[in-house]
Amino acid sequence: MKKVLTLVSVLLVVAMFLGACAQTPVAEPPAAVEETTQPLRIAVVSPSSINDLAFTQSISDALMVLKAEMGEGLEYAFTENMFVVDDAAAAIRDYATKGYDIVIAHGSQYGSSVQEIAPDFPETVFAWGTTVDTFGLPNVHAYEAASDQGGYVNGVMAGMLTKSKIIGVVGPIETGDAKLYVDGFVAGAKSVDPDIDVRVTYIGSFSDVALASEAATTHIAAGADVLTGSAQMVVGAIGKAEEAGLYWFGTQADQNAFAPSTVVASQVYHWEGILREIIALRAAGIMGGHTFSADLQNGGQVINLNPEIELSDEIKAKVEEVIAGINDGSIVIPKP
Amino acid sequence: MISDLLSATVIIGIISSGIRLATPYLFASIGEMFGQRSGVLNLGVEGQMLLGSFAAFYVTLETNNVWLGVLAAMGVGALMGLAMAFVTINLHATQGISGIGFYLFGMGMSNLLFQKLVGTVEGVKGFQKISVPLLGKIPVIGEIFFNHNALVYLAFLLVPVAWFVLNKTTLGLKIRAVGENPEAVDSLGVSVAGIRYLTVIMGGVFSGIAGASLSIALLNVFQQNMTAGQGFIAVALVYFGGWKPFGILGGALLFSMINALQLWVQVLGIPIPAELAVMMPYILTILVLTLSVSKGQGPSALTKVFEREG
Chain A
51 MKKVLTLVSV LLVVAMFLGA CAQTPVAEPP AAVEETTQPL RIAVVSPSSI
101 NDLAFTQSIS DALMVLKAEM GEGLEYAFTE NMFVVDDAAA AIRDYATKGY
151 DIVIAHGSQY GSSVQEIAPD FPETVFAWGT TVDTFGLPNV HAYEAASDQG
201 GYVNGVMAGM LTKSKIIGVV GPIETGDAKL YVDGFVAGAK SVDPDIDVRV
251 TYIGSFSDVA LASEAATTHI AAGADVLTGS AQMVVGAIGK AEEAGLYWFG
301 TQADQNAFAP STVVASQVYH WEGILREIIA LRAAGIMGGH TFSADLQNGG
351 QVINLNPEIE LSDEIKAKVE EVIAGINDGS IVIPKP
Chain B
3 MISDLLSATV IIGIISSGIR LATPYLFASI GEMFGQRSGV LNLGVEGQML
53 LGSFAAFYVT LETNNVWLGV LAAMGVGALM GLAMAFVTIN LHATQGISGI
103 GFYLFGMGMS NLLFQKLVGT VEGVKGFQKI SVPLLGKIPV IGEIFFNHNA
153 LVYLAFLLVP VAWFVLNKTT LGLKIRAVGE NPEAVDSLGV SVAGIRYLTV
203 IMGGVFSGIA GASLSIALLN VFQQNMTAGQ GFIAVALVYF GGWKPFGILG
253 GALLFSMINA LQLWVQVLGI PIPAELAVMM PYILTILVLT LSVSKGQGPS
303 ALTKVFEREG
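In the order they appear, the protein sequences are chains A and B. FYI, in the working numbering the residues of the first sequence are 51 to 386. FYI, in the working numbering the residues of the second sequence are 3 to 312.
Bear in mind the hints are in silico, worked out from the structure with no lab data behind them. Predicted model only: the values in this text are computed from it and were never measured. Just so it is clear, CB atoms sit at the ideal spot from N, CA and C, and this is done for glycine as well. Hints may be right or wrong, so weigh each one.
Stated by the list, open to error - BS3-like mimics (lysine-lysine), calculated; alpha carbons at most 30 Å apart, straight line:
(1) Lys213/A <-> Lys118/B
(2) Lys176/B <-> Lys246/B
(3) Lys229/A <-> Lys368/A
(4) Lys117/A <-> Lys127/B
(5) Lys215/A <-> Lys368/A
(6) Lys53/A <-> Lys306/B
(7) Lys229/A <-> Lys240/A
(8) Lys229/A <-> Lys213/A
(9) Lys213/A <-> Lys240/A
(10) Lys385/A <-> Lys240/A
(11) Lys366/A <-> Lys213/A
(12) Lys52/A <-> Lys213/A
(13) Lys306/B <-> Lys170/B
(14) Lys52/A <-> Lys306/B
(15) Lys246/B <-> Lys170/B
(16) Lys306/B <-> Lys148/A
(17) Lys215/A <-> Lys131/B
(18) Lys131/B <-> Lys213/A
(19) Lys215/A <-> Lys53/A
(20) Lys240/A <-> Lys215/A
(21) Lys246/B <-> Lys306/B
Claimed, not checked - A partial selection of chain B residues facing chain A, derived with a Cβ cut-off under 10 Å:
(22) Thr96
(23) Gly103
(24) Phe107
(25) Met109
(26) Val120
(27) Gly121
(28) Gly196
(29) Thr229
(30) Gly231
(31) Leu255
(32) Ser258
(33) Leu270
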């Protein structure tokens with residue numbers, strides 16, 4: 051029995067190997083023909099899934115926008131669920147080895163991997179987000195989202211909508227753009243009324259939907275009537291807000307459609323602007339060394355108001371005013 | 003500020019949150035306990051939970067019938083349990099490793115199926131809260147214990163039922179015997195493989211229900227990797243509970259209630275850093291484990307391959 055099984059498994063492995071080889075495109079253009087339309091090849095490595103309604107979805111959406119623009123001129127590959135840094139490092143190195151022109155490491159935990167791998171591939175552009183550190187390497191860009199801006203706008207709206215003057219925040223881990231968003235949000239709510247009590251819980255995970263949902267339940271039991279939160283685990287929390295008939299403010303991706311009567315507005319990341327700049331810089335021969343920020347001014351962040359929820363003209367006007375104030379510098383978001 | 007914790011709202015909140023959070027652990031852990039008592043370690047509980055969770059979500063989404071969803075989760079869990087049983091009992095694969103293999107399979111498959119069949123995160127109408135007649139109206143106790151959805155009640159009912167089956171029935175005796183001394187059991191004519199198949203499949207069924215309790219009862223949504231390690235904690239709870247149903251109940255409730263407590267600590271603004279608060283359930287569980295009387299060493303034949311001599 052064992053021998054048969056061994057033989058079968060060996061045959062299976064051989065078959066898979068042959069199958070894989072057969073799929074490798076054999077057609078290579080004759081050397082003499084000039085390659086005029088070589089598509090740009092971009093690879094993305096990210097920590098969660100493409101449809102997480104949050105962080106990873108935002109970069110995936112950006113690439114889809116670019117693909118729609120560039121058509122055949124762009125070829126991209128996406129590796130998701132690389133939460134474990136070692137796996138991500140292997141994927142990043144793999145893409146670089148395969149000759150991808152731009153490799154995007156979309157996760158602040160990938161820093162050490164990028165720092166280690168980038169010098170081995172001077173012909174490849176690496177982009178690391180969300181962060182500001184390029185390690186001084188010539189082929190590494192860094193990008194981040196000024197999520198405190200969108201957070202501030204959401205906070206102002208929340209401050210104007212709350213009747214109980216208690217607002218609940220369900221945060222993942224106090225780091226990166228989650229922390230920026232929360233800090234901005236708290237500042238925005240307090241700018242409306244310093245007596246508003248904004249309670250922040252960090253549940254210690256990006257993916258524990260059950261715990262996030264209980265955090266929301268706890269906020270609601272403690273009197274909050276407006277909620278917000280960051281990272282993909284909030285889908286359970288939004289559900290609890292919906293059940294209780296309360297308001298939610300979304301971030302990272304457009305969460306309005308998920309609970310149309312609950313999500314007032316979402317701060318949506320649009321990374322395409324930054325990606326276009328990186329592509330343009332590469333075409334001009336610059337492989338790295340720049341830091342980018344997605345903010346309200348350059349369209350990297352957009353506040354999507356939910357059309358299904360009626361907002362008073364006063365609130366809408368305030369939103370315009372606050373966005374304008376952030377853009378022209380008259381509103382400075384205080385750091386905690 | 004700590005005195006804020008003693009108010010009625012908070013205590014009601016902590017205990018009822020704890021009860022909800024404990025539900026998936028109870029299902030998965032009791033299922034795993036049966037398997038381990040018969041000598042099989044299954045580390046693939048997380049994968050079974052994820053696939054069961056997706057199956058329940060998808061079937062409920064398409065048919066609007068929550069019980070069909072639970073059945074789907076049970077079926078999926080049973081299939082994975084069957085595969086695990088075949089791999090460990092017939093093919094003599096190392097149990098720890100094959101369990102991890104099933105975890106990876108369950109995770110990957112649920113992700114793939116979700117992306118192909120559903121696409122974007124959306125909600126589903128799951129089990130609704132049922133207030134137990136009469137008991138649900140008692141002022142504080144009613145709110146805490148008797149206002150949950152059907153799967154929560156089932157999870158807690160499972161504990162005494164599992165205790166009874168394990169300790170008071172012939173089947174339970176056989177299971178325990180197979181886990182302690184399979185050679186002796188075999189010599190008496192009872193099929194060791196048969197018992198182990200039964201318990202591992204049962205474990206799979208319960209892991210599936212645990213997953214269903216997440217996606218169509220407690221959270222009413224499915225997202226990729228939503229179990230976030232709960233399956234592994236369920237396996238740990240089997241050890242913590244000394245392989246006994248009531249021990250597992252104690253462990254699950256301890257862990258979940260401390261988790262609920264730390265949420266309230268954060269919400270009320272008690273000045274404990276969030277990182278420390280999040281650690282609390284894990285630290286307290288370790289403390290209780292070290293300070294408690296020895297829980298015994300578990301079934302003697304756990305993880306050992308049984309091969310019939312001659």
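Each hint, compared with the structure:
no. : hint                  : result
1   : Lys213/A <-> Lys118/B : 42 Å, violated
2   : Lys176/B <-> Lys246/B : 16 Å, holds
3   : Lys229/A <-> Lys368/A : 24 Å, holds
4   : Lys117/A <-> Lys127/B : 36 Å, violated
5   : Lys215/A <-> Lys368/A : 18 Å, holds
6   : Lys53/A <-> Lys306/B  : 23 Å, holds
7   : Lys229/A <-> Lys240/A : 17 Å, holds
8   : Lys229/A <-> Lys213/A : 25 Å, holds
9   : Lys213/A <-> Lys240/A : 14 Å, holds
10  : Lys385/A <-> Lys240/A : 13 Å, holds
11  : Lys366/A <-> Lys213/A : 18 Å, holds
12  : Lys52/A <-> Lys213/A  : 71 Å, violated
13  : Lys306/B <-> Lys170/B : 26 Å, holds
14  : Lys52/A <-> Lys306/B  : 19 Å, holds
15  : Lys246/B <-> Lys170/B : 13 Å, holds
16  : Lys306/B <-> Lys148/A : 44 Å, violated
17  : Lys215/A <-> Lys131/B : 29 Å, holds
18  : Lys131/B <-> Lys213/A : 27 Å, holds
19  : Lys215/A <-> Lys53/A  : 72 Å, violated
20  : Lys240/A <-> Lys215/A : 10 Å, holds
21  : Lys246/B <-> Lys306/B : 20 Å, holds
22  : Thr96                 : 15 Å, violated
23  : Gly103                : 14 Å, violated
24  : Phe107                : 14 Å, violated
25  : Met109                : 8 Å, holds
26  : Val120                : 8 Å, holds
27  : Gly121                : 6 Å, holds
28  : Gly196                : 19 Å, violated
29  : Thr229                : 8 Å, holds
30  : Gly231                : 8 Å, holds
31  : Leu255                : 14 Å, violated
32  : Ser258                : 9 Å, holds
33  : Leu270                : 7 Å, holds
Checked against the numbered hints given earlier, this structure breaks hints 1, 4, 12, 16, 19, 22, 23, 24, 28 and 31; the rest are met.
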